[in-house]
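Visitor: Respectively, the protein sequence lines represent chains A and B. Residue 114 in the working numbering is what sits at position 63 of the first sequence, and the numbering runs on without skipping anything. Residue 411 in the working numbering is what sits at position 15 of the second sequence, and the numbering runs on without skipping anything.
Treat the hints with caution; some may be incorrect.
Listed below are the simulated DSSO-like cross-link pairs for lysine-lysine, each with C-alpha atoms no more than 30 angstroms apart in a straight line [what the hints assert, rightly or not]:
hint	chain 1	residue 1	chain 2	residue 2
1	B	487	B	610
2	B	525	B	487
3	B	525	A	106
4	B	585	A	114
5	A	108	B	610
Hint data in this document are derived by calculation from the structure and do not stem from the laboratory.
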Amino acid sequence: MESLSPNALEVAQLIVETLNLEDISAEEIEPDTPLFRDGLGLDSIDALELSLGIKQKYGIQLKADDENITEIFSSLSRLTRFIQDNR
Amino acid sequence: MGALRLILWIALHLGRSAARTLLYPITLYFLVTASTQRRASRDYLNQVLDRPANPLDTARHIHTFSATILDRVFLMADRYDYFALEIHNHKLIAEQLAAGRGCILLGSHLGSFEILRATAIVKRELPVKILMYPRHNEMMMRILSELNPALNDSIIPLGQPDTLIRTKECISQGSIIGLLGDRIADSGKTVNCRFLGKETLFPQGPMLLASILKSPVFLFFGIYRGGNHYEIRIEHFADEVVLERERRDESIRIWTQRYADRLQHHARLAPYNWFNFYDFWGSDEASD
Chain A
52 MESLSPNALE VAQLIVETLN LEDISAEEIE PDTPLFRDGL GLDSIDALEL SLGIKQKYGI
112 QLKADDENIT EIFSSLSRLT RFIQDNR
Chain B
397 MGALRLILWI ALHLGRSAAR TLLYPITLYF LVTASTQRRA SRDYLNQVLD RPANPLDTAR
457 HIHTFSATIL DRVFLMADRY DYFALEIHNH KLIAEQLAAG RGCILLGSHL GSFEILRATA
517 IVKRELPVKI LMYPRHNEMM MRILSELNPA LNDSIIPLGQ PDTLIRTKEC ISQGSIIGLL
577 GDRIADSGKT VNCRFLGKET LFPQGPMLLA SILKSPVFLF FGIYRGGNHY EIRIEHFADE
637 VVLERERRDE SIRIWTQRYA DRLQHHARLA PYNWFNFYDF WGSDEASD
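Just chain B, with the same shape it has in the complex (with noise of 0.2 angstroms):
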């Protein structure tokens, strides 16, 4: 608690360039401590990079997931003037909102999903709802809501019996949901899909939320590329998730493989930029 303080003094009150600078002692303290995180870093760029991952790799995954969750805080804090932000495909979103439909955006742990923020503010939509778990990073979460109250409204809690219905409202008065569909929660109905050559457990929750609501989905890719820049990636994903009734599992199934396919395509091109740091295949347990 008192370190992440002083990184969010430091950031606040030097500036991004400043509070940069401690990324390296961050990544190193990480690389030697973190041993967990280190191994799940390794086995992932073992995947996706197609050789051996050397520490290298693992010391430039770690500084990239330190740089983007710096840069959370200044996004929370609405310090947008420091980034760059390339918007690929906007339109897609923006002729949604204009003939007042909402839709569901729905990213991933690769890159950061919290520029969405920046892109909706820059493009001056306001109406986007992220569905998270209060509890996760719930320290970071209580601090930056001290910095920037309007966080809240923002937030749609998951986990509660109202968190859907809540979502539906807001999505049929035009709002973008944002959630994430690359986790699995504790209690969450899961479906097998594949992902990097290897058989692992997606979420089902945001396709069958996408077929409950009948509402369009786009993609989100929010890429760091380094320095102050960022790559916005939104793609079309579907007008309607349908599930057919006679074969609904599968039919999860596939619309799933296809986003766990998108996720991919992405995790390839920018493959320091994945930030989930746990065994995303679960095999540590399959192995016992």
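Excised from the complex, chain A in its bound form (with noise of 0.2 angstroms):
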């Protein structure tokens, strides 16, 4: 298994923290699975916790109309590089 960045980490921290996961720790995230139903399994109501977690520790307002969040969702890599280029 490859290592995770150091932002990547950070978020997947974020991710099992805010949602508290108890089956996965951060470093056991891969980048590229995807973070619903299928791959980690999150669902609607763990989207709307995260985009609050986001919220309040990048201060990153996800909105529905402006993002694509199922795009943005899509693994921890592709949320990292939104969380950096929007920070």
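With the hints in hand, could you dock these two chains into one complex?
Guide: Here is the structure:
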């Protein structure tokens, strides 16, 4: 398993902490695994909590009409890139 | 598809009375052919009526359901003039909206949730958005959105990563968000509650959503009373759903059970308005 970049690891920690994930640690999240459904198995409640966590930690407000949220939440690396681009 | 289009054509061209005469053959058709639904109806009626249900009960159940489905056509086509609405406790919602606060309106498959649209328009409160799965009733929805393209604007499709982010935005802009709390989704989290004397699963989603958004929750029951009469009951449920961090699962269960209790209360008052025509207690699988 390739190790995560420091930025990706930070976002992975945010995901694990915000969603109280018990079965997986931040280091174990693969950069390209889908976060929703088949991959990490997150649902739309998790997406809402994650968006609130992102706002709190990075001050970035995700807006449903402005951004393609499905795409941003498609993987850890995509989400990390979005946060880097917007912080 | 052809039959549905025919019924729609009759409904929209010949009117509600003409279309309602079709309800008898439609009821008979389902009574004869839909054995799974018939069994689900009987099992539910046995529970709610506290006596063995007879075929007439089941016929009445299916007829009530068919009548409200037909009325959905008129509601979605904005033909509110057909209906007599008796609205209880509407002021609860009006106060929220006057204060510029959005809220959650939690409904069920007891009665017609679609009548909410009529209620909102009759009361001149347009900011209603309904959370629903687009793939359910896909055929019906496609036909109806041809009929009334504005319909799509009032629906937030469930099951997308951005579903609830969109919902949050709508609530913070002062919208009423309608959702149904009695059916579990394919993948969502569930909680065990008692309903009509037996344990069954309810979705956790509504209470999780309410707790995250910290928005007030009202219950909505749009009960069909026969003829063109709908009785709409709005109840205060919570100013804020607070889940205790230490015993989160138990908190979710207690809140959801409160909802299930209100649902049961209204189901007993209007037993034939129950529109979950499947094994609600999942005992088919459990007993295998």
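Visitor: Taking the hints in turn, state whether each one holds.
Guide: Taking the hints in turn, this is what the structure says about them:
1. Of the supplied pair hints, the one linking residue 487 of chain B and residue 610 of chain B holds, its CA atoms being roughly 21 angstroms apart against a limit of 30 angstroms.
2. With a C-alpha separation of about 19 angstroms, the suggested pair residue 525 of chain B and residue 487 of chain B falls inside the 30 angstroms cut-off, and the hint holds.
3. Restraint check: the Cα-Cα separation between residue 525 of chain B and residue 106 of chain A comes to about 24 angstroms, which is no more than 30 angstroms; the hinted pair holds.
4. Note on residue 585 of chain B and residue 114 of chain A: the hinted pairing holds, with a Cα-Cα distance of about 25 angstroms set against a maximum of 30 angstroms.
5. With a CA separation close to 20 angstroms, the supplied pair residue 108 of chain A and residue 610 of chain B stays within the 30 angstroms bound.
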